[in-house]
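J.: What follows is each chain in one-letter form.
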Amino acid sequence: GNSVTQMEGPVTLSEEAFLTINCTYTATGYPSLFWYVQYPGEGLQLLLKATKADDKGSNKGFEATYRKETTSFHLEKGSVQVSDSAVYFCALISLTGGGNKLTFGTGTQLKVEL
Amino acid sequence: NAGVTQTPKFRVLKTGQSMTLLCAQDMNHEYMYWYRQDPGMGLRLIHYSVGEGTTAKGEVPDGYNVSRLKKQNFLLGLESAAPSQTSVYFCASSPITGNGYTFGSGTRLTVV
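Protein chains in written order, with the working numbering: chain A, 201 to 314; chain B, 11 to 122.
Some clues are possibly wrong.
As the list claims (entries may be wrong) - Residues from chain B that face chain A, not an exhaustive set, calculated with beta carbons under 8 Å:
id, residue
1, Thr17
2, Phe20
3, Gly50
4, Met51
5, Tyr74
6, Pro93
7, Ser104
8, Gly110
9, Gly116
10, Leu119
11, Val122
Unchecked claim - In silico DSS-like pairs for lysine-lysine, Cα to Cα no more than 30 Å straight-line:
id, chain 1, residue 1, chain 2, residue 2
12, A, Lys311, A, Lys249
13, A, Lys249, A, Lys277
14, A, Lys249, B, Lys19
15, B, Lys67, A, Lys252
16, A, Lys249, B, Lys24
To be clear, the hints were calculated from the coordinates, so they are not data collected in a lab.
All residues carry an ideal CB built from backbone N, CA and C; glycine is no exception.
The shape of chain A in the complex, shown without the other chains:
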């Protein structure tokens, strides 16, 4: 079956530090890959996505590249801000099995301090 593995948190960084959150996946077929962000007390929002190998998704300074050879989709940001503090979820959709069901990783909490 499909699965997503993320690095465990919490990750604590100083403002303007470089961020990497690792994500690897196992899936049948050719999945689409996503990063979602959840701010405290809120639902999940789509941060970025990539639908095929070597695609790079980007949004709000965050980037992730779909690496089929390493089955990875690591999230990066060059300079984090306090407002980036949130929980980040890596996820995939594999169109096999119907329903376009999202499979999530366990989430990584990011804390950015001044």
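Given chain A's structure and the hints, the job is docking chain B onto it.
T.: Just chain B now, kept in the frame of chain A:
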């Protein structure tokens, strides 16, 4: 631009009580989903629907029932609540292409 609306936002139940969580979407999406979020476990799919009048089991369906009588609504029912069902519940919808989900803001349920 409501998107996906969940009601209620908070609820406390006693063990054995029943309740229904309502999810409504105004984007004409075909697919709808119910997830639960628990610490250290991410989001797990409870049930989903690929269209009006259809439902299917997800990863953790036991203890829950769902109905999709109208395309825009997806109801999640707990017939006899248990403390293990204490969680945050999220509804989501997506178009057939599956290129993006829209999530509701969640329902925090506590069963005592």
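J.: Run every hint past the structure and note whether it holds.
T.: Structure-based check of all given hints:
Annotation: interface hint on Thr17/B violated; nearest CB of chain A at approximately 14 Å, more than 8 Å. For Phe20/B, the suggested interface contact is broken, since its CB lies about 11 Å from the closest CB of chain A, more than 8 Å. Taken as an interface hint, Gly50/B checks out: its beta carbon lies about 6 Å from the nearest beta carbon of chain A, inside 8 Å. Taking 8 Å as the C-beta contact cut-off toward chain A, the hint placing Met51/B at the interface holds, the least distance being around 6 Å.
Taking 8 Å as the C-beta contact cut-off toward chain A, the hint placing Tyr74/B at the interface is violated, the least distance being around 16 Å. Nearest Cβ of chain A to the Cβ of Pro93/B: about 22 Å, over the 8 Å cut. The hint is violated. The beta carbon of Ser104/B is positioned within 8 Å of a beta carbon in chain A (closest approach about 6 Å), and the interface hint is therefore held. Checking Gly110/B against chain A by beta carbon gives a least distance of about 6 Å; that is within 8 Å, so the hint holds.
Contact between Gly116/B and chain A, as hinted, is supported at the beta carbon level, the nearest pair being about 5 Å apart and thus within 8 Å. For Leu119/B, the shortest C-beta to C-beta distance to chain A is roughly 15 Å, which exceeds 8 Å, and the interface hint is violated. Interface hint status for Val122/B: violated, as the beta-carbon distance to the closest one in chain A is roughly 22 Å, over 8 Å. About 23 Å separates the Cα atoms of Lys311/A and Lys249/A, which keeps this hinted pair within 30 Å; it holds.
A C-alpha spacing of about 15 Å is found between Lys249/A and Lys277/A, which places the hinted pair at or below 30 Å, so the restraint holds. For a cut-off of 30 Å, the pair hint linking Lys249/A to Lys19/B stands: about 28 Å separates their Cα positions. A distance of roughly 28 Å separates the Cα atoms of Lys67/B and Lys252/A; the hinted pair therefore holds under the 30 Å criterion. Only pairs whose Cα atoms come within 30 Å are accepted, and Lys249/A paired with Lys24/B is rejected, the gap being roughly 41 Å.
Hint compliance for this structure: hints 1, 2, 5, 6, 10, 11, 16 are not met, and every other hint is.
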